[in-house]
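*Asks:* Chain by chain, the residues run as shown.
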Amino acid sequence: MARLQGALDRITRVRGVRGAMLVGGDDGLVIAESLMAGVRGNAVAALSASLVKKLRRAAVAAGAGLPKFLHLQGERGTLLAVPAPHGIVVVVIADADVNVGLARLEMMRAAENLI
Amino acid sequence: MSETRAVEAWTLEPLRRFVAEAGARLALLTTPSGQVIAQHGFTRAVDVMAAAALGSAIAASTAELCRMLKEPEFRSLNHQGVEHGVYLARCDTPRGPLLLLAVYDSDSSPGLVQLFFEELARALAASCPPKASEPKVLAEDFERELTASLNALFGR
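Those protein sequences? They're chains A and B, same order as listed. Note that my numbering has the first sequence beginning at 1, numbered continuously upward. Note that my numbering has the second sequence beginning at 1001, numbered continuously upward.
Careful: at least some of the hints might be erroneous.
[Stated by the list, open to error] SDA-like mimics (lysine to any residue), calculated; alpha carbons at most 25 Å apart, straight line: (1) A:Lys53 to B:His1079; (2) A:Lys53 to B:Lys1070; (3) A:Lys54 to B:Asp1105; (4) A:Lys54 to A:Phe69; (5) A:Lys53 to B:Ser1106; (6) A:Lys54 to B:Val1082; (7) B:Lys1070 to B:Ala1057; (8) A:Lys53 to B:His1084; (9) A:Lys53 to B:Gly1023; (10) A:Lys54 to B:Ser1002; (11) A:Lys54 to B:Pro1110.
[Stated by the list, open to error] Computed Cβ-Cβ distance ranges for the label pairs, DEER-style: (12) B:Arg1067 to A:Gly63: 52 to 58 Å; (13) A:Leu102 to B:Ala1053: 24 to 30 Å; (14) A:Gly16 to B:Gly1096: 46 to 52 Å.
Keep in mind the hints are simulated off the structure, nothing from the lab. Backbone N, C-alpha and C define an ideal beta-carbon position, used for all residues, glycine too.
Can you make the complete structure from the sequences, with help from the hints?
*Replies:* Right, here's the structure in full:
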């Protein structure tokens, strides 16, 4: 558990990241989280896992293969997701102007550490 | 397409929204004693009555476990199968507690069902009319009232 928490803490050190979570891809439940106050972790986890599941189907149907990185840009923020081994999804909630490349790098590292 | 139907009209819209958002295949709203308030997705009255009785029995069993563990209460119970999952949870309304029994498949998830159950509980508490004085239930009225409830639940 400390290893998982450490991986999340590294992601949240990226400027503009408001929270990071490891979410069960099948059940949409939170496995570990590091969130700023005011972020509805359970809601984001359930909806992100559902989104990743649907986008996976869309990507496979489109012949693009399994998705590696999802970037959803909203008016006031950003949602990032990386499907990781063992059916886990690394989810990040961030400000609109977050350094997506750096956040993605830390998310990929966290996903690799789950192996 | 399955319809949502209710004996108590104030439960209809919150349950419709829950079914749409959570992606539940079947949903049944009952009192803790198993009296059916609203349903979605059931096509036979006998299935509604069986599900209501089983949901009520599970809730009673877990309440007894709570008592033995000195827990105040269990809020929800989830059984995850290969194809389907069953979610049973209790919420409070001004008219007393209600039970939701929801069946979902792989298009949904326990997280989604749990999330939208919380919204359902809030919507039910907000839309519940004030408690009226309970009419006395007479044995001779029982069958007529049961038939009227089933007719409302299946649109007959």
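*Asks:* Does each hint hold? Answer for all of them.
*Replies:* Hints and how they fare:
1. Between the alpha carbons of Lys53 of chain A and His1079 of chain B the distance comes to roughly 21 Å, so the proposed pair stays at or under 25 Å and holds.
2. As the CA atoms of Lys53 of chain A and Lys1070 of chain B are separated by approximately 39 Å, the hinted pair breaks the 25 Å bound.
3. With a C-alpha separation of about 14 Å, the suggested pair Lys54 of chain A and Asp1105 of chain B falls inside the 25 Å cut-off, and the hint holds.
4. For the given pair, Lys54 of chain A sits about 14 Å from Phe69 of chain A by alpha-carbon distance, which is consistent with the 25 Å threshold.
5. Restraint check for Lys53 of chain A and Ser1106 of chain B: satisfied, since their Cα atoms lie roughly 10 Å apart, inside the 25 Å limit.
6. Pair hint Lys54 of chain A plus Val1082 of chain B holds up; C-alpha atoms about 18 Å apart against a cutoff of 25 Å.
7. At roughly 20 Å between alpha-carbon atoms, Lys1070 of chain B and Ala1057 of chain B fall within 25 Å of each other, so this suggested pair holds.
8. Restraint check: the Cα-Cα separation between Lys53 of chain A and His1084 of chain B comes to about 16 Å, which is no more than 25 Å; the hinted pair holds.
9. Taking the CA atoms of Lys53 of chain A and Gly1023 of chain B, the gap is near 14 Å; set against the 25 Å cutoff, the hint holds.
10. This hinted pair checks out: Lys54 of chain A and Ser1002 of chain B have alpha carbons roughly 23 Å apart, not beyond 25 Å.
11. For a cut-off of 25 Å, the pair hint linking Lys54 of chain A to Pro1110 of chain B stands: about 16 Å separates their Cα positions.
12. A hinted range of 52 to 58 Å for the beta carbons of Arg1067 of chain B and Gly63 of chain A is consistent with their spacing of about 56 Å.
13. Evaluation of the 24 to 30 Å hint for Leu102 of chain A and Ala1053 of chain B yields a failure: the beta carbon distance comes to about 56 Å.
14. Evaluation of the 46 to 52 Å hint for Gly16 of chain A and Gly1096 of chain B yields a pass: the beta carbon distance comes to about 47 Å.
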